Amino acid sequence: MGDVPQLFRLNIEVADLSAAQRFYEALLGVAGRKQAGNRFYISVGAVALQVVGVPEPHTAAKALYFATGQLPPR
Numbered sequence: 001m002g003d004v005p006q007l008f009r010l011n012i013e014v015a016d017l018s019a020a021q022r023f024y025e026a027l028l029g030v031a032g033r034k035q036a037g038n039r040f041y042i043s044v045g046a047v048a049l050q051v052v053g054v055p056e057p058h059t060a061a062k063a064l065y066f067a068t069g070q071l072p073p074r
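Residue numbering for the sequence shown follows our numbering, starting at 1 and increasing by one per position.
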């Protein structure tokens with residue numbers, strides 16, 4: 001089929017960057033890397049999750065799904 005585009009980064013906005021980093025690191029079991037500009041990255045396979053702290057996050061993302069191999073806490 002030729003050259004197929006590959007997804008390499010997902011970007012989400014959050015109001016509380018520290019809480020989001022703790023949440024995604026616990027969920028994915030991977031440490032994030034803080035970056036300048038009030039953001040952090042987590043590499044999850046071929047795709048990086050970029051989480052950006054902003055005062056009023058955009059609500060475009062209604063759902064974000066991850067396969068982690070772990071059951072969520074009850």
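These are computed hints drawn from the structure, not numbers from a lab. Any given hint could turn out to be false.
Derived DEER-like restraints, expressed as beta-carbon distance ranges [said to hold, decoys possible]:
| # | residue 1 | residue 2 | range |
| --- | --- | --- | --- |
| 1 | D3 | K34 | 32 to 40 Å |
| 2 | L64 | A36 | 33 to 41 Å |
| 3 | V4 | A31 | 14 to 22 Å |
| 4 | N38 | F66 | 28 to 36 Å |
| 5 | E56 | D3 | 35 to 43 Å |
| 6 | V4 | A36 | 16 to 24 Å |
| 7 | T68 | K34 | 19 to 27 Å |
| 8 | V54 | D3 | 15 to 23 Å |
| 9 | P5 | A63 | 30 to 38 Å |
| 10 | A15 | F66 | 28 to 36 Å |
| 11 | G2 | N38 | 22 to 30 Å |
None of these values were measured; they are calculated from a predicted model. We put the CB at the ideal spot given by N, CA and C, even for glycine.
Status of each hint after checking the structure:
no., hint, result
1, D3 / K34: 32 to 40 Å, "holds, 34 Å"
2, L64 / A36: 33 to 41 Å, "violated, 24 Å"
3, V4 / A31: 14 to 22 Å, "violated, 30 Å"
4, N38 / F66: 28 to 36 Å, "violated, 23 Å"
5, E56 / D3: 35 to 43 Å, "holds, 38 Å"
6, V4 / A36: 16 to 24 Å, "violated, 33 Å"
7, T68 / K34: 19 to 27 Å, "holds, 22 Å"
8, V54 / D3: 15 to 23 Å, "violated, 34 Å"
9, P5 / A63: 30 to 38 Å, "violated, 22 Å"
10, A15 / F66: 28 to 36 Å, "violated, 20 Å"
11, G2 / N38: 22 to 30 Å, "violated, 39 Å"
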